[in-house]
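K.L.:
Take a look at the letters that make up each chain.
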Amino acid sequence: MIGIHTGGVWIANHLHKTLALREALGTLDISFYRDDFTRVGVNPQVKPSRLPLNLDNRHIILVDDVLYTGRTIRAALNEIFDYGRPAAILLAVLVDRSGRELPIQADVAGIQIDVAENQQIKLQGPEPLSLKIIDTKDVEK
Amino acid sequence: MNKTNTQLDEHGRLRHFLTIEGLNRSLLVDILNTAESFSSVTEQAVKKVPLLRGKTIVNLFFESSTRTRTTFELAAKRLSADVLNINITASATSKGETLLDTVRNLEAMHCDMFIVRHPFSGAAHFIAQHAAPHISIINAGDGRHAHPTQAMLDMFTIRRHKGDFHKLRIAIVGDIAHSRVARSQIHALNILGVEEVRVIGPKTLIPAEAHTLGVHVYHDLREGLREVDVVIMLRIQRERMEGAFLPSEHEYFHLYGLTEEKLELAKPDIIVMHPGPINRGVEIDSVVADSSRSLILQQVTHGIAIRMAVMSMAMGHSAGEVEREGS
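In the order they appear, the protein sequences are chains A and B. Going by my numbering, the first sequence opens with residue -11, and the numbers climb by one from there. Going by my numbering, the second sequence opens with residue 227, and the numbers climb by one from there.
Worth flagging that the hints you see were computed from the coordinates, not collected in a lab. A portion of the hints provided could be inaccurate.
Said to hold, decoys possible - According to the in silico footprint, chain B covers these stretches of chain A (three or more CB under 8 angstroms from chain B):
| id | stretch |
| --- | --- |
| 1 | 16 to 22 |
| 2 | 25 to 33 |
| 3 | 66 to 72 |
What the hints assert, rightly or not - Below, in silico cross-link-like pairs of lysine-lysine (DSS-like), each with a Cα-Cα straight-line distance of 25 angstroms or less:
| id | chain 1 | residue 1 | chain 2 | residue 2 |
| --- | --- | --- | --- | --- |
| 4 | A | 125 | A | 110 |
| 5 | B | 273 | A | 35 |
| 6 | B | 274 | A | 35 |
| 7 | B | 303 | B | 273 |
| 8 | A | 35 | B | 388 |
In this text, all values refer to a predicted model and were calculated from it rather than measured experimentally. Even glycine gets a Cβ: it sits at the ideal position worked out from N, Cα and C.
Working from the sequences, and respecting the hints, build out all of it.
P.N.:
Structure, rendered in C-alpha cells:
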C-alpha cells in the first residue's frame, strides 16, 4: 500500500491498520513529478518518498484523499514506475470528485461528491480526519 | 545598479543567483528548505527527479575547478537536465572571443541556464544583464566578489548541526581579503541573523574596513575562537607567500593554523568547516581535519542538494499566476 502525501498518507495509515497489512506503508510525495513546475516553481516543503526498494511484480494499492483532475495520480504513477515495474496498481480514494482532465479512474472510492468549479474539497487531519468544502474565493493565496 | 532586481522576477522569486547581498532572510530560508527536500532525494535509491527534464544547463568555467563544476554537473543530472561543460582554455576565448560573443553563441544553441565561474568580479552580473530574458545565470564564483552557492551550502551545514542561527557565533579564519567565499558567507550569516560574525587573520589578509561588513576583527586565533560555535577555515593560496602577504606557510600555520590545542578556548561542541580543497599543515592540522568535529566532507554532500535547490528555483520562474493544480 502506498499513500500520497499528505491526505493520502493519513487515509492510508487508517486503512493499513484496519486491514492489518504486514508490509510497511509506503509514502509518496509527488512534488517533483508535477506537470505545473514552470508555473508554480519548486515547493520548499517536499517530504521524502519512502518506497520499498523493489516494486517489481508487486501488487500495489495506491491511496489518495481526493481524486479530481487526475494529475496527481498521473504524477504518482510516473514516480512509482521510476522505482520498478509493478504487477498491478489499484487506486483507492476517499472522495471521487467529477472533473477529470486525464483518463484516470478510481477502482475503489469512499464517496462521490460533485461540487462547483470554484469550490475545493479538503481533507483535514491527521486526527481527527474530516472533510471540508472550501470556496476558493475565500482561500488566501 | 540594483542587484536585487537583477536576481528576482516580478513575483520576488529567484531568477538568477548571483550574490547573497540584497536577498532577504525568507528567500535564504526557502533555499535551505528546498535543499532539505532534495537532500532526501539524494539519499534514496532512485536519485533522480524529472524536474528539469529537457532543459540544457551549461557549465561556463573560465577558471579551472573540478570540485565545483562536478557538483553542479551532478546536481543538474539529478534534476534530469542535460549538461554541457565548456572547457574555456580549449575554447574560442583563447582565440580572442569576447565574453558576450561566447554567451551569444551558446544562446543560439537554445540553452536554458549558465553556471558561470570567472576570474573577474562582476562577470556573472554582466552576463545576466546581457543574456536573453528566459536564461538563468548562477554565479559559481566571480573574482573576489561572491560565491553564493558555497555560502548557502555552508549555511545549510550550520543549520543541520546547530539549528537556530540566532544564538550562534561564527568565526571565519584566513585570507579574508582575497576571498569571495568569505564575503558571501558574511552576507548570509548577517541576513540570517546570527549572534556574531568574526574574521580572524593577519592584518595583511584582512581588508582595512572589514568591520563595515558587519564583523568583528581578531588577529589572535585563540582569542578569536573563544565562545565560538562554528569555525570556517579558508584556504591559503601559494601566491600569498610569493606576494609578500605572508612570510612562510610554516609561520602562518604556527599563528593561524587550526590545531586541537588552539581549539581549547572554543566551545567543546564547536564544528569545523572548510570550503576545500584543504592544505593540510598550512591552515589546518590533519588531526582536526579528520576529527569528528570536522564537517568538511558533509559540506561537499550538501553542495549537491543546495545546487539542485538553486537551479530548480531559478529555472522554475516564469511570468504567470502562482496557482496550484487541482488533484
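K.L.:
Against this structure, judge whether each hint is valid.
P.N.:
Consistency of the hints with the structure:
Proximity of the stretch 16 to 22 of chain A to chain B, defined as three or more residues with a beta carbon under 8 angstroms from a beta carbon of that chain, is established by the 4 residues found. Against chain B, the stretch 25 to 33 of chain A contributes 9 residues with a C-beta closer than 8 angstroms to a partner C-beta. That satisfies the three-residue criterion, and the hint holds. Beta-carbon proximity to chain B at under 8 angstroms applies to 3 residues in the stretch 66 to 72 of chain A; the threshold of 3 is reached and the given coverage holds. The suggested pairing of residue 125/A with residue 110/A holds, with an alpha-carbon distance near 14 angstroms, which does not exceed 25 angstroms.
Restraint check for residue 273/B and residue 35/A: the C-alpha separation of about 15 angstroms stays at or below 25 angstroms, so the hint holds. Taking the CA atoms of residue 274/B and residue 35/A, the gap is about 15 angstroms. The hint holds against a cut of 25 angstroms. At roughly 10 angstroms between alpha-carbon atoms, residue 303/B and residue 273/B fall within 25 angstroms of each other, so this suggested pair holds. Between residue 35/A and residue 388/B the CA atoms are separated by roughly 22 angstroms; this keeps the pair inside 25 angstroms, and the hint holds.
The earlier numbered hints are all upheld by this structure, with none contradicted.
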